[in-house]
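Each chain, letter by letter, is given below.
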Amino acid sequence: MGMGSNKGSGRVTMSEINVTPMVDVMLVLLIIFMVTAPLIQQGVKVNLPEARAAAVEASDKKLVLSIDAQRRVYLGEAEVLMAELEKKLATNAKAQADKELYLHADRDVPYGVVVDVMAAAQRAGITNVGMITDPSAGGRASASSKGKKEARR
Amino acid sequence: MKALLASLVLLLPLAALAQAPVIQISGATFQPLPLALSTPLTQGGEVKSSAAAVDDALLFDLRASGLFQVLDRASFLADAKEGMTAGSINFARWADVGAEALVKYTLTREGDALKAEARVFNVGNGREEFKTAQSGPTAQPSQLAHKVADAIYRHYTREPSPFLAPITYVRKSGSNRDVWVADWDGRNARQVTQGGINLLPALGPDDQLGYTSYQQGKPDLYVRKPGGDTIRLKTNDGQMATGIAFSPDGKRVAYALAEDESAQIWVANANGEGARQLTDTRFGINTSPAWSPDGKRIAFVSNRGGSPQVYVMNADGSGVRRLTFQGNYNQTPNWSPRGDLIAFTARDERNAFDLFTVHVDTGKVTRLTQDQGNNEEPSFSPNGRLVLFTSTRNGPSQLFVMTAEGNNHLALPGQDKASITTPDWGR
Numbered sequence: 001m002g003m004g005s006n007k008g009s010g011r012v013t014m015s016e017i018n019v020t021p022m023v024d025v026m027l028v029l030l031i032i033f034m035v036t037a038p039l040i041q042q043g044v045k046v047n048l049p050e051a052r053a054a055a056v057e058a059s060d061k062k063l064v065l066s067i068d069a070q071r072r073v074y075l076g077e078a079e080v081l082m083a084e085l086e087k088k089l090a091t092n093a094k095a096q097a098d099k100e101l102y103l104h105a106d107r108d109v110p111y112g113v114v115v116d117v118m119a120a121a122q123r124a125g126i127t128n129v130g131m132i133t134d135p136s137a138g139g140r141a142s143a144s145s146k147g148k149k150e151a152r153r
Numbered sequence: 001m002k003a004l005l006a007s008l009v010l011l012l013p014l015a016a017l018a019q020a021p022v023i024q025i026s027g028a029t030f031q032p033l034p035l036a037l038s039t040p041l042t043q044g045g046e047v048k049s050s051a052a053a054v055d056d057a058l059l060f061d062l063r064a065s066g067l068f069q070v071l072d073r074a075s076f077l078a079d080a081k082e083g084m085t086a087g088s089i090n091f092a093r094w095a096d097v098g099a100e101a102l103v104k105y106t107l108t109r110e111g112d113a114l115k116a117e118a119r120v121f122n123v124g125n126g127r128e129e130f131k132t133a134q135s136g137p138t139a140q141p142s143q144l145a146h147k148v149a150d151a152i153y154r155h156y157t158r159e160p161s162p163f164l165a166p167i168t169y170v171r172k173s174g175s176n177r178d179v180w181v182a183d184w185d186g187r188n189a190r191q192v193t194q195g196g197i198n199l200l201p202a203l204g205p206d207d208q209l210g211y212t213s214y215q216q217g218k219p220d221l222y223v224r225k226p227g228g229d230t231i232r233l234k235t236n237d238g239q240m241a242t243g244i245a246f247s248p249d250g251k252r253v254a255y256a257l258a259e260d261e262s263a264q265i266w267v268a269n270a271n272g273e274g275a276r277q278l279t280d281t282r283f284g285i286n287t288s289p290a291w292s293p294d295g296k297r298i299a300f301v302s303n304r305g306g307s308p309q310v311y312v313m314n315a316d317g318s319g320v321r322r323l324t325f326q327g328n329y330n331q332t333p334n335w336s337p338r339g340d341l342i343a344f345t346a347r348d349e350r351n352a353f354d355l356f357t358v359h360v361d362t363g364k365v366t367r368l369t370q371d372q373g374n375n376e377e378p379s380f381s382p383n384g385r386l387v388l389f390t391s392t393r394n395g396p397s398q399l400f401v402m403t404a405e406g407n408n409h410l411a412l413p414g415q416d417k418a419s420i421t422t423p424d425w426g427r
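In order, the protein sequence lines correspond to chains U and P. For the first sequence, the tail end lands on 153 under the UniProt record's numbering, and the numbers increase by one without skipping. For the second sequence, the tail end lands on 427 under the UniProt record's numbering, and the numbers increase by one without skipping.
Derived by calculation from the structure, the hints in this document are not laboratory data. Note that the Cβ used here is the ideal one computed from N, Cα and C, for glycine as well. There's no promise every hint is true.
Selected chain P positions facing chain U (in silico; Cβ < 8 Å) [as the list claims (entries may be wrong)]:
1. Leu77
2. Ala80
3. Gly83
Some chain P residues well away from chain U (every beta-carbon gap over 12 Å; in silico) [said to hold, decoys possible]:
4. Arg73
5. Phe76
6. Ala92
7. Ala95
8. Gly124
9. Arg158
10. Pro166
11. Ser175
12. Leu203
13. Lys225
14. Asn271
15. Gly274
16. Gly384
17. Gly395
18. Lys417
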């Protein structure tokens, strides 16, 4: 019955949203690690999203990419312009050796910004992006927990 | 005095223990050390132009060494104004780009001298490991770079670097082929011969330079002494002498002498006197002598078995032994200063020339190049860690360097399109 609508050589118009690019990004980021925040000490203050999930042991110091509430991006402690992020990651020997990055994004950062950063990481050849979340108040998505994570160094 | 000597002798093993190399080059597990070389801090505007040249040469030396994974500066995260002392360096930012070692250096100028102070830091523990101060002529900034690179190399390996020894080669220009001498990386090149056909140059100890020249219509051997005087080694009419090689102590020379239909290996004193024939095959060719580092043996090429192969004999001509059995065309042997390997050129079944090493004792052959044009004329660095060779992979025959294991191929910088052949690395 699908044939019925496909008359002659005319093309069929796709009416669905094209999700392929999004799926591409997400497939590449399939392996997501949940890491307890205190394992990785960083200088950038970020309100983490809260989630109840098993912590992954971080054996050695991993490269952490942070996005603060003002949408500023940091590699480790160093601020990096969004326009330079892909190049910084593509030339980073540590990121290229591990093909791995931990994302430490403020809960107030819009999803689109996070996806932009992930896409830059993907273009730079990084296949695994781990999300750093705060497990302490996991699941209680309440406004009251906001702000108390400011204590991080 | 005696007590002082005795205490020195007692202390020596301790010093040796404390001086264990940071990088162990040998072994299958060797991994290059990730090293960040920060851009030089300069003092005074007139240093800026020299600084670029020093930096360029230093980066090349460290890259070519095969010891380091020199990190891409585009990845750096550190503040450009970061200081030179451990206290002022944010090591976390260097760790975040993957650096395990950090080299920082400053350049200053005093009159005609260019001065560099370099500090090497361990990024993991944030400590300064080593520092060095070097100076060189402002006119040749790359020579200062080689001194700094040498100090860094020695710090990590406790052995001399290959960066201070000169190289020689033949450069083709129109119908002329001239001998040139240059720094190890091809910079500061000086032309030695002026026109005509000059071939097969070799560097010996005490800045001796030997080469083959057709100045008198047939190939003869010439030796240029350090002062610039050049002597011609005497041969009889009709004898063609080619391919001089200095013994490691510089007192003797080996070469091939051709007459009629055969060529034989001869050895003479460095001034050409006391010549003695080592090989004696009625027909056929014996050529390309190369000394072992202890001066007791000579490798050479002979076609006595039907095709050119690498042979080894004692320095008095006794004990001839065939070393290569693979392929039907092996030539240009070069004995590693470590004594264990001989590098040579082989032509394979596709008529491509490639480089191999053969282990002198076991005969084990290792391939160094493949599928990258023709690769010929290997010459070991003075410490045996690198190999200089020519390759046509980018068009004309040019100088390249790689590790003795065949890794990390790099073209020497600044080569024009002239064809360059038969390099020899001084000791």
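Okay, the hints, checked on the actual structure:
A hinted interface residue such as Leu77 (chain P) counts as satisfied when its beta carbon comes closer than 8 Å to some beta carbon of chain U; here the least separation is about 4 Å, so the hint holds. For Ala80 (chain P), the interface hint is violated, since its Cβ never comes within 8 Å of a Cβ in chain U; the closest pair sits about 11 Å apart. Taken as an interface hint, Gly83 (chain P) does not check out: its beta carbon lies about 16 Å from the nearest beta carbon of chain U, beyond 8 Å. At roughly 8 Å from the closest C-beta of chain U, the C-beta of Arg73 (chain P) falls inside 12 Å, breaking its exclusion from the interface.
Separation of Phe76 (chain P) from chain U is inadequate, the least Cβ-Cβ distance of about 9 Å not exceeding the 12 Å criterion. Listed as outside the interface, Ala92 (chain P) is inconsistent with that label: its C-beta sits roughly 6 Å from the nearest C-beta of chain U, within the 12 Å cut-off. Its beta-carbon lying about 7 Å from the closest one in chain U, Ala95 (chain P) breaks the requirement of being farther than 12 Å from that chain. For Gly124 (chain P), the requirement that its beta carbon stay farther than 12 Å from each beta carbon of chain U is not met, with the minimum near 10 Å.
At roughly 26 Å from the closest C-beta of chain U, the C-beta of Arg158 (chain P) stays outside 12 Å, upholding its exclusion from the interface. With a closest Cβ-Cβ approach of about 33 Å to chain U, Pro166 (chain P) is found to remain outside the 12 Å limit, as its non-interface label requires. The beta carbon of Ser175 (chain P) sits about 46 Å from the closest Cβ of chain U, which is more than 12 Å, so the claim that it is off the interface holds. Separation of Leu203 (chain P) from chain U is adequate, the least Cβ-Cβ distance of about 37 Å exceeding the 12 Å criterion.
Distance to chain U confirms Lys225 (chain P) as a non-interface residue, since its nearest Cβ pair spans about 48 Å, more than 12 Å. A cut-off of 12 Å between C-beta atoms confirms that Asn271 (chain P) is not in contact with chain U; the least separation is 54 Å. Taking the minimum C-beta to C-beta distance to chain U, about 57 Å, the non-interface status of Gly274 (chain P) holds against the 12 Å cut. Separation of Gly384 (chain P) from chain U is adequate, the least Cβ-Cβ distance of about 28 Å exceeding the 12 Å criterion.
With a cut of 12 Å on Cβ distances, Gly395 (chain P) stays outside the contact zone with chain U, its closest approach being about 29 Å. The beta carbon of Lys417 (chain P) is kept farther than 12 Å from every beta carbon of chain U, the shortest such distance being approximately 31 Å.
Hints 2, 3, 4, 5, 6, 7, 8 from the earlier list are contradicted by this structure; the remaining hints agree with it.
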